[in-house]
Amino acid sequence: MRLGVLDVGSNTVHLLVVDAHHGAHPWPAHSEKVVLRLAEQIGPDGALTEAGADGLVKAVGMAKAAAAGLEADDLIAFATSAVRDATNAADVLARVRDETGVRLAVLSGADEARMTFLAVRRWFGWSAGRLLVLDIGGGSLEIAAGIDEDPAAAVSLPLGAGRLTRERLRVDPASVAPPSAEAVEKLREYVDGRLDKVVDQMTEVGWDRTVATSKTFRTLARLAGAAPSGSGLWVRRSLTRAGLRQVIGFIRHIPPAKLMELEGVSAGRAHQLLAGAVVAEAVMRRLDLDSLDICPWALREGVILRRLDQLEPI
Numbered sequence: 053m054r055l056g057v058l059d060v061g062s063n064t065v066h067l068l069v070v071d072a073h074h075g076a077h078p079w080p081a082h083s084e085k086v087v088l089r090l091a092e093q094i095g096p097d098g099a100l101t102e103a104g105a106d107g108l109v110k111a112v113g114m115a116k117a118a119a120a121g122l123e124a125d126d127l128i129a130f131a132t133s134a135v136r137d138a139t140n141a142a143d144v145l146a147r148v149r150d151e152t153g154v155r156l157a158v159l160s161g162a163d164e165a166r167m168t169f170l171a172v173r174r175w176f177g178w179s180a181g182r183l184l185v186l187d188i189g190g191g192s193l194e195i196a197a198g199i200d201e202d203p204a205a206a207v208s209l210p211l212g213a214g215r216l217t218r219e220r221l222r223v224d225p226a227s228v229a230p231p232s233a234e235a236v237e238k239l240r241e242y243v244d245g246r247l248d249k250v251v252d253q254m255t256e257v258g259w260d261r262t263v264a265t266s267k268t269f270r271t272l273a274r275l276a277g278a279a280p281s282g283s284g285l286w287v288r289r290s291l292t293r294a295g296l297r298q299v300i301g302f303i304r305h306i307p308p309a310k311l312m313e314l315e316g317v318s319a320g321r322a323h324q325l326l327a328g329a330v331v332a333e334a335v336m337r338r339l340d341l342d343s344l345d346i347c348p349w350a351l352r353e354g355v356i357l358r359r360l361d362q363l364e365p366i
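Add 52 to the 1-based position in the sequence shown for this note's numbering, that's all there is to it.
Treat the hints as calculated values from the structure; they're not laboratory data.
Be careful, since some hints might not be right.
[Said to hold, decoys possible] Listed below are the simulated DSS-like cross-link pairs for lysine-lysine, each with C-alpha atoms no more than 25 Å apart in a straight line: (1) Lys-249 with Lys-310; (2) Lys-238 with Lys-249; (3) Lys-85 with Lys-116; (4) Lys-238 with Lys-85; (5) Lys-110 with Lys-85.
[Stated by the list, open to error] Restraint ranges, calculated between C-beta atoms of paired labels, are given here: (6) Pro-307 with Val-251: 13 to 23 Å; (7) Lys-110 with Asp-252: 21 to 31 Å; (8) Pro-280 with Lys-85: 44 to 54 Å; (9) Met-53 with Gly-153: 38 to 48 Å; (10) Ala-204 with Arg-149: 28 to 38 Å; (11) Gln-362 with Glu-123: 37 to 47 Å; (12) Arg-246 with Gly-301: 16 to 26 Å; (13) Ser-227 with Gly-282: 42 to 52 Å; (14) Pro-307 with Gly-282: 24 to 34 Å; (15) Ala-103 with Arg-297: 22 to 32 Å; (16) Asp-97 with Asp-248: 35 to 45 Å; (17) Lys-110 with Met-53: 24 to 34 Å; (18) Ala-235 with Glu-123: 42 to 52 Å; (19) Gln-253 with Gly-177: 47 to 57 Å.
For clarity, every value in this text was computed on a predicted model and none was experimentally measured.
Think of the CB as a built atom: it goes at the ideal place given N, C-alpha and C, for glycine as much as any other residue.
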């Protein structure tokens, strides 16, 4: 079947169309995204702004048309933390449904962690043993651990790169000055405080292999010397704690407007990179992780795999 997955995230609205069937590797047929940065369009009252809702409706409508043009047999549409946390989420979801005909399912943070864990498990296989999986999104950080396809522990924390950039560092894409050392240190202390309970929970489950997914981790790994995306999916990539510290050491002195000039850094997320790096370093330090393997599959692939699991084999 040809399956479309529409991921309304905190940074982008991403349509992925794959060709797949039960028990097979899902092969991408088409991918397109629109950068909306919904996490940064939450007003003081906690509601998604009218401009943010307008952009979302337009992006979802375009994605639906693209999926139809590619003759997708099914379209799975879901939203994560930006929509989930908005105080007017119900109204926004109703408007999307009424104006586009697309029903967005809102995933809980724990479900995000579980779906991502499934994708990583399928990518590395059973030989990986007990997995610890980290995923830094725009609005939240997901951590999961376990030995099965369904993790023994799955948590979500409001430590996304976009959220922390907006709420803690208070920088924007056009900023010509990097955040102050004081702001970065306060952010590190805040992240450490939010990780206290999670450290004990994950340590109790334990792990044999540590893995990271998401654009944030891939970008940090690239800056630390990992192979570029053009080298293909099958190239092994990793991020060491020592390499991450070196990356933080130089990006913290670079204005957000200049970070996008670095190889591997996307313009739409450049200003969020420092906050994401602070979260990554804090998690690795608190869990005493020396290195992370980078997995190219994440939440979208997990959703696809779960849908394919529901199909009856012929």
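Right, here's what the structure says about each hint:
1. Lys-249 with Lys-310: Violated. Lys-249 to Lys-310 sits at ~36 Å, over the 25 Å cutoff.
2. Lys-238 with Lys-249: Holds, because 19 Å separates the two Cα atoms, which is no more than 25 Å.
3. Lys-85 with Lys-116: holds (12 Å)
4. Lys-238 with Lys-85: With a Cα-Cα distance of about 33 Å, the restraint between Lys-238 and Lys-85 is violated, given a limit of 25 Å.
5. Lys-110 with Lys-85: holds (12 Å)
6. Pro-307 with Val-251: 13 to 23 Å: violated (33 Å)
7. Lys-110 with Asp-252: 21 to 31 Å: For Asp-252 against Lys-110, whose Cβ atoms are near 44 Å apart, the range 21 to 31 Å is violated.
8. Pro-280 with Lys-85: 44 to 54 Å: violated (19 Å)
9. Met-53 with Gly-153: 38 to 48 Å: violated (20 Å)
10. Ala-204 with Arg-149: 28 to 38 Å: Hint holds: Cβ distance 35 Å, inside 28 to 38 Å.
11. Gln-362 with Glu-123: 37 to 47 Å: violated (21 Å)
12. Arg-246 with Gly-301: 16 to 26 Å: holds (23 Å)
13. Ser-227 with Gly-282: 42 to 52 Å: violated (29 Å)
14. Pro-307 with Gly-282: 24 to 34 Å: holds (27 Å)
15. Ala-103 with Arg-297: 22 to 32 Å: Violated, at about 38 Å.
16. Asp-97 with Asp-248: 35 to 45 Å: Distance hint for Asp-97, Asp-248 is violated at roughly 30 Å.
17. Lys-110 with Met-53: 24 to 34 Å: holds (28 Å)
18. Ala-235 with Glu-123: 42 to 52 Å: Taking Cβ atoms as reference, Ala-235 and Glu-123 lie about 49 Å apart, which means the hint holds.
19. Gln-253 with Gly-177: 47 to 57 Å: violated (25 Å)
In summary, the structure is inconsistent with hints 1, 4, 6, 7, 8, 9, 11, 13, 15, 16, 19 from the numbered list given earlier, while agreeing with the others.
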